[in-house]
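Spelled out from the first residue to the last, the chains are:
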Amino acid sequence: MKQISFTLLLAVVAGLFAYTTQPAGEKALLSVPFTPEIPRTWDSTALADYELPLATPKASPKNVSPDYYYQMPEMVIYKSYPIYAPGREPKGYWEWLHQQEPEVVFDPAKLKTEEDWIKAGELVFDAPTDTSGVFTAREVRDPAMYAYTKMPLTKDGIMPFARYVVPKKGLVVVSGLGCVMCHTRVLPDGSVIKGAQGNQPDSKRVAFAYRNYNVPEPAAQGFIRALMSAPWLADDPHTQLSKQPKAVIADALDAMPPGTMLREGAGVLFPPQIPNLIGVKDRKYLDHSGINRHRNIGDLMRYAALNQSVNMIASYDGFVPGGKGFKEVPDPKKGLRYSEAQLYALARYIYSLEHPANPNKPTALSKHGELIFAEQGCVTCHTPPAFTNNMLTPVDGFTVPDEHRKKYDIFDISIGTDPNYTMKTRRGTGYYKVPSLKGLWYRGPFLHDGSLANLEDLIDPRRLRDDYVPTGFKGAGVTHRAVRGHEFGMELPENDRKALLAYLKTL
Amino acid sequence: MKLLPALLLLLAFAWSGGRTEIENSAVSFQIQNAGITVNGTLEELEADITFDPNQLGNADIRASVPVSSIRTGISLRDKHLQRPDYFQADKYPRIELASKVVRKTGRNKYEGVFALTMKGIERDVTIPFTVSSANEFTGSFRVNRLDFGLGQESLVLADEVAIQIRVKLKESMPVSVR
Numbered sequence: 003m004k005q006i007s008f009t010l011l012l013a014v015v016a017g018l019f020a021y022t023t024q025p026a027g028e029k030a031l032l033s034v035p036f037t038p039e040i041p042r043t044w045d046s047t048a049l050a051d052y053e054l055p056l057a058t059p060k061a062s063p064k065n066v067s068p069d070y071y072y073q074m075p076e077m078v079i080y081k082s083y084p085i086y087a088p089g090r091e092p093k094g095y096w097e098w099l100h101q102q103e104p105e106v107v108f109d110p111a112k113l114k115t116e117e118d119w120i121k122a123g124e125l126v127f128d129a130p131t132d133t134s135g136v137f138t139a140r141e142v143r144d145p146a147m148y149a150y151t152k153m154p155l156t157k158d159g160i161m162p163f164a165r166y167v168v169p170k171k172g173l174v175v176v177s178g179l180g181c182v183m184c185h186t187r188v189l190p191d192g193s194v195i196k197g198a199q200g201n202q203p204d205s206k207r208v209a210f211a212y213r214n215y216n217v218p219e220p221a222a223q224g225f226i227r228a229l230m231s232a233p234w235l236a237d238d239p240h241t242q243l244s245k246q247p248k249a250v251i252a253d254a255l256d257a258m259p260p261g262t263m264l265r266e267g268a269g270v271l272f273p274p275q276i277p278n279l280i281g282v283k284d285r286k287y288l289d290h291s292g293i294n295r296h297r298n299i300g301d302l303m304r305y306a307a308l309n310q311s312v313n314m315i316a317s318y319d320g321f322v323p324g325g326k327g328f329k330e331v332p333d334p335k336k337g338l339r340y341s342e343a344q345l346y347a348l349a350r351y352i353y354s355l356e357h358p359a360n361p362n363k364p365t366a367l368s369k370h371g372e373l374i375f376a377e378q379g380c381v382t383c384h385t386p387p388a389f390t391n392n393m394l395t396p397v398d399g400f401t402v403p404d405e406h407r408k409k410y411d412i413f414d415i416s417i418g419t420d421p422n423y424t425m426k427t428r429r430g431t432g433y434y435k436v437p438s439l440k441g442l443w444y445r446g447p448f449l450h451d452g453s454l455a456n457l458e459d460l461i462d463p464r465r466l467r468d469d470y471v472p473t474g475f476k477g478a479g480v481t482h483r484a485v486r487g488h489e490f491g492m493e494l495p496e497n498d499r500k501a502l503l504a505y506l507k508t509l
Numbered sequence: 036m037k038l039l040p041a042l043l044l045l046l047a048f049a050w051s052g053g054r055t056e057i058e059n060s061a062v063s064f065q066i067q068n069a070g071i072t073v074n075g076t077l078e079e080l081e082a083d084i085t086f087d088p089n090q091l092g093n094a095d096i097r098a099s100v101p102v103s104s105i106r107t108g109i110s111l112r113d114k115h116l117q118r119p120d121y122f123q124a125d126k127y128p129r130i131e132l133a134s135k136v137v138r139k140t141g142r143n144k145y146e147g148v149f150a151l152t153m154k155g156i157e158r159d160v161t162i163p164f165t166v167s168s169a170n171e172f173t174g175s176f177r178v179n180r181l182d183f184g185l186g187q188e189s190l191v192l193a194d195e196v197a198i199q200i201r202v203k204l205k206e207s208m209p210v211s212v213r
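Residue numbers (our numbering), protein chains in the order written: chain V, 3 to 509; chain B, 36 to 213.
Okay, chain B solo, but in the shape it has when bound (with noise of 0.2 Å):
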């Protein structure tokens, strides 16, 4: 009985503010430019996630990516998202989604609306996304580049980007499925 104050203190911990352990991630998009798909990938996600499916009005689900992670196959294009025409990575470091509200609305499958923050700039968004038994998470949505400040509008360059994201907790991690 000893061990219980010091399990219950561990997972007070873990759900409330620590880092959650991730065993692999996945955070990826594609923008359309001059007909092309512009495939890209953003790494070194770092997530806070609280979530019990029986207590989704507990759910705590914050995410992160460094901009200086992005890569889209052609470096100057990389080192060009840096700046403040674009990401403006030295003011705005990261990207960060923050969950406001999650609903169930399947077998294994949700929905939240998320607090999205790119340079400086939040928008919600509205995720739909699944959660494995194997404490994998995985969502896509889409967004108007514009609406953060992204760029400007471009003959060729379009204004929606496709984001999906994919991020497996270790199997210890607090979070469990039904």
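With the rest of the complex left out, here is chain V (with noise of 0.2 Å):
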């Protein structure tokens, strides 16, 4: 069994919702007829500039051909249903889905208007692309998992990070490696953004799993070796970790807290804090590390295309994390890519996406805030109105090459935050970008690692210190450690530094 998608229905209805809040010039605009350019995604002479090189150049990724690319069935999106947690099922809802026949709902073909490819595009996020056991319908069911995991649900009970899918009548099946796995947040009180840093505990969900289900050790090693190891790297601290018992892998998954992310090529020792979607229109680099360009709407899709599973067939100086021996390329007709259709859909929902409205309104205190933004030179790295401007900062221990400072936005100083994400992963460029700041008030943890779980902690002097013990990511079996870099606001005053913080919280 191998993909299945589906569409939404209430992921429509949502989307509808979202566009009554549009200007009403814009919405008009969205509902004239609409003939789309779709990009070529697989092009050979965009792919030619939009990686940077990684840190070690000679294994910075060699992508499928064209041929190749194109040679991978175009992926199929069904109806989809939502999952309810244990407890919270409507009676005979388990029984009803066996009995669905499978429907397709993403046709290019009845898309007339671009709200019709908008809303189409949401389908694109929410659709699968691994109904083969990423997610299973035994954790879905399991309220154990839901317990270990502390899920977030919303106020109907819903677990909204995946769907369930009927491929055919009989076979009701999770949907896995979705956008909105990663990218979906519940609110405290319920509510959910979609594109949003999400807070799944995706992590601590395989950790369950491990510890829970019968799960081979090799298949937990061998996880670990295909997602995250990067061989180039002399003592490679996650091929180490892949040698390790079952147990040390899930003690490591445990250890990333809900809004860092258990992503291919990034790392578990090293984990990146999810991005968020919204407001994504306005960045020139993709990924922490910047490692994708984000020149128009092509290279949105190029990145979803890559990091849906084409990444994993690339090679780095010849290891394949995707291959059979993780050398060779498999067959690309046992593989599986989106269409140019719904990779043109889903970036037109993904430069959709608007930031919830806030409750943190301006205040005289925020006010003072905005002074001491601009007083300490914040402006210069996150200037309004993205809140970033856009550049690549290096870390220590790299050195920025002559050409890069010709071809890219490079702001040439290290601000000293952990360098190991972008020195010893896949996706590893010697970089990171100046994220945004729009949305602070309903995102976190912080940091490119998730290391502070609050705003307040990044002026927090404390943190400075040996023995702080971090409020986001620790580090498995680590109980203190310093957060450095980024040291900023932190020698102001008591109530500048609390003005700065009510004045992030409204953006």
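Read the hints as simulated data drawn from the structure, not as lab findings.
Fair warning: there could be bad hints in the mix.
To be verified - Within a straight-line C-alpha distance of at most 25 Å, the following computed BS3-like cross-link-like pairs (lysine-lysine) qualify:
hint: 1; chain 1: V; residue 1: LYS60; chain 2: V; residue 2: LYS369
hint: 2; chain 1: V; residue 1: LYS408; chain 2: B; residue 2: LYS205
hint: 3; chain 1: B; residue 1: LYS203; chain 2: V; residue 2: LYS409
hint: 4; chain 1: V; residue 1: LYS440; chain 2: V; residue 2: LYS286
hint: 5; chain 1: V; residue 1: LYS326; chain 2: V; residue 2: LYS426
hint: 6; chain 1: V; residue 1: LYS409; chain 2: B; residue 2: LYS135
hint: 7; chain 1: V; residue 1: LYS409; chain 2: B; residue 2: LYS144
hint: 8; chain 1: V; residue 1: LYS64; chain 2: V; residue 2: LYS500
hint: 9; chain 1: V; residue 1: LYS336; chain 2: V; residue 2: LYS171
hint: 10; chain 1: V; residue 1: LYS409; chain 2: V; residue 2: LYS60
hint: 11; chain 1: V; residue 1: LYS369; chain 2: V; residue 2: LYS171
hint: 12; chain 1: B; residue 1: LYS114; chain 2: B; residue 2: LYS139
hint: 13; chain 1: V; residue 1: LYS500; chain 2: V; residue 2: LYS440
hint: 14; chain 1: V; residue 1: LYS408; chain 2: B; residue 2: LYS114
hint: 15; chain 1: V; residue 1: LYS152; chain 2: V; residue 2: LYS409
hint: 16; chain 1: V; residue 1: LYS336; chain 2: V; residue 2: LYS426
hint: 17; chain 1: B; residue 1: LYS126; chain 2: V; residue 2: LYS408
hint: 18; chain 1: V; residue 1: LYS426; chain 2: V; residue 2: LYS60
Every value quoted in this text rests on a predicted model; they were computed, and no experiment measured them.
Quick one: dock chain against chain with the hints and give me the complex.
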């Protein structure tokens, strides 16, 4: 059983609701007949300078050719259904699902307006790229998993990070690896923000499975090796982890807080904070390391294609993470890709996402904070209106090659944050991009590795001490450590700090 | 009379390339960042000054400051200013100013065209300045930082930088002001 996809009726309803908040002019424009100009995703010319080289240049990924890419079958997106937590599921729901017929819901021939394309993009956002076991029905129906992970739920008891899919009558599977899995946030009141820094405790979910289900140890080890290892590094920490017993791997997974992500090419030991997709249209680089450029909608389509599996069949100095024996690129016919129309619709949907209404209205204190923000020079990097200057900062230990200064937007100073993510992973370029501060009020944990749970922690000078207990990611077996870097605002008088925080929460 | 040759020798040295002794100096600058004025300073100014108000054709004023002395109140910003996207201090460690032409504009008032060199880029700047009876030179001028490759265009950081220089020479220095 390979891949299945489907539609999400509630998502469409939610999409319709979202459009009621748009200005009348824009709304009207979105409703006129529209024929999209869809860029070619796997275009050799566009791909040539799409990715920044890795910090170890020889390991920079060599992606599959367009010929290979377009031989992969296109994804079919099926209708999908919500997953209720145990005890919250309507009576007879599970049996009812087994009686449903499969229904293909993404059909570009039926998309007539921009609004249609955007709504269809939400279907792609929610659709899985895996139904083969990344997320299983056993897990989502197991009360122990919810208790172990403290899985956030909506007000209706729905677990919104995956959906049930019916690929054929009588077969109900759980969607996995869709955008929705990581880029969905449930707020404390049970409301859901799509596209936001997600808070699904995905790594804890996997740790739970390793500890409680009969997952073979080699499978856990292979999982880490395929997803995380960077074998060109001497004593690569993730290759080392992949040789450890399953319980040690589970410990490492458990150490990742919600809001960081168990992601291919990144790290368990150096986890990436999940980025906010809302506002991504204004970003020039994607991923914390800025490995992918974002010059146009085609680049966002390439990013989605890469990150939904194609980066697993790239060659990193001969290492093919998803290849047979980690060497051979598999038969393209056995692969899967989004169609061009699906990628375009997805990108349009992501571009359409807007921050939720901010409950923190400007006050005298936040106005003072705005002044502090300018005086302290925060604006230089976190430049309004996007609150990022869209530049890349090198980390300690990385020397900016001269040619990068001409090709990329380099803000040539390290802010001293932990360099491991961008120096010791398959996504590591030697840089971190300057993140946007928009929507801080509903996000967290903070810093690229989610080390700090709260905004207040960023300006707490105690975090620089070795006996500090990080409020976010600590690392397996770590009880205390300093969280260094981005050491701004720590010397401010108490009132100025409060004002700065108040301002940041209004963004 | 035996002292005269020695005195002439000393004067010749002082006026022709020997380091001018500075009692104190101050170099400051201002730039707008997000509507806020950022104040900065440079220190450790060195100068060679040949200046006789009666012989302005012979005036030769040279001054320089090390880029490493920049202070703006935020240490990381000061560090960043040393990097290649700003001053590239490892390759261009000093900011230099050298007069080309000086003319009198009023009592104790002058105007000079100076070659200003930052980051290896030389541009002429016109600087009005005064010279007091106490051997104090004071001048100010403005430059466009982008003319010198200092940073990039920015939504919040202004291009124009206002610069002030004050140099007080020791009274014994051979500068006469009338």
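Going through the hints against the structure:
For the suggested pair LYS60/V and LYS369/V, the alpha carbons sit about 49 Å apart, so the restraint of at most 25 Å is broken. This hinted pair does not check out: LYS408/V and LYS205/B have alpha carbons roughly 47 Å apart, beyond 25 Å. Taking the CA atoms of LYS203/B and LYS409/V, the gap is about 46 Å. The hint is violated against a cut of 25 Å. With a C-alpha separation of about 15 Å, the suggested pairing of LYS440/V with LYS286/V holds against the 25 Å cut-off.
Taking the CA atoms of LYS326/V and LYS426/V, the gap is about 23 Å. The hint holds against a cut of 25 Å. Distance restraint check for LYS409/V and LYS135/B: the Cα-Cα separation of roughly 38 Å exceeds the 25 Å cut-off, and the hinted pair is therefore not satisfied. For a cut-off of 25 Å, the pair hint linking LYS409/V to LYS144/B is broken: about 48 Å separates their Cα positions. For the proposed pair LYS64/V and LYS500/V, the alpha carbon gap of about 48 Å is over 25 Å, so the pair is violated.
For a cut-off of 25 Å, the pair hint linking LYS336/V to LYS171/V stands: about 24 Å separates their Cα positions. Taking the CA atoms of LYS409/V and LYS60/V, the gap is near 19 Å; set against the 25 Å cutoff, the hint holds. Taking the CA atoms of LYS369/V and LYS171/V, the gap is about 59 Å. The hint is violated against a cut of 25 Å. For the hint pairing LYS114/B with LYS139/B, the CA-to-CA distance comes to about 39 Å; that exceeds 25 Å, so the pair is violated.
Taking the CA atoms of LYS500/V and LYS440/V, the gap is near 18 Å; set against the 25 Å cutoff, the hint holds. Proximity of LYS408/V to LYS114/B is assessed by CA-CA distance (about 21 Å); at most 25 Å being required, the pair is judged to hold. Our distance criterion of 25 Å between C-alpha atoms is broken by LYS152/V and LYS409/V, whose separation comes to about 45 Å. With a C-alpha separation of about 30 Å, the suggested pair LYS336/V and LYS426/V falls outside the 25 Å cut-off, and the hint is violated.
In summary, the hint linking LYS126/B to LYS408/V is supported, as the alpha carbons are separated by about 18 Å, within the 25 Å threshold. The hinted pair formed by LYS426/V and LYS60/V meets the criterion: a straight-line CA distance of about 14 Å does not exceed 25 Å.
The structure shown violates the earlier hints numbered 1, 2, 3, 6, 7, 8, 11, 12, 15 and 16.
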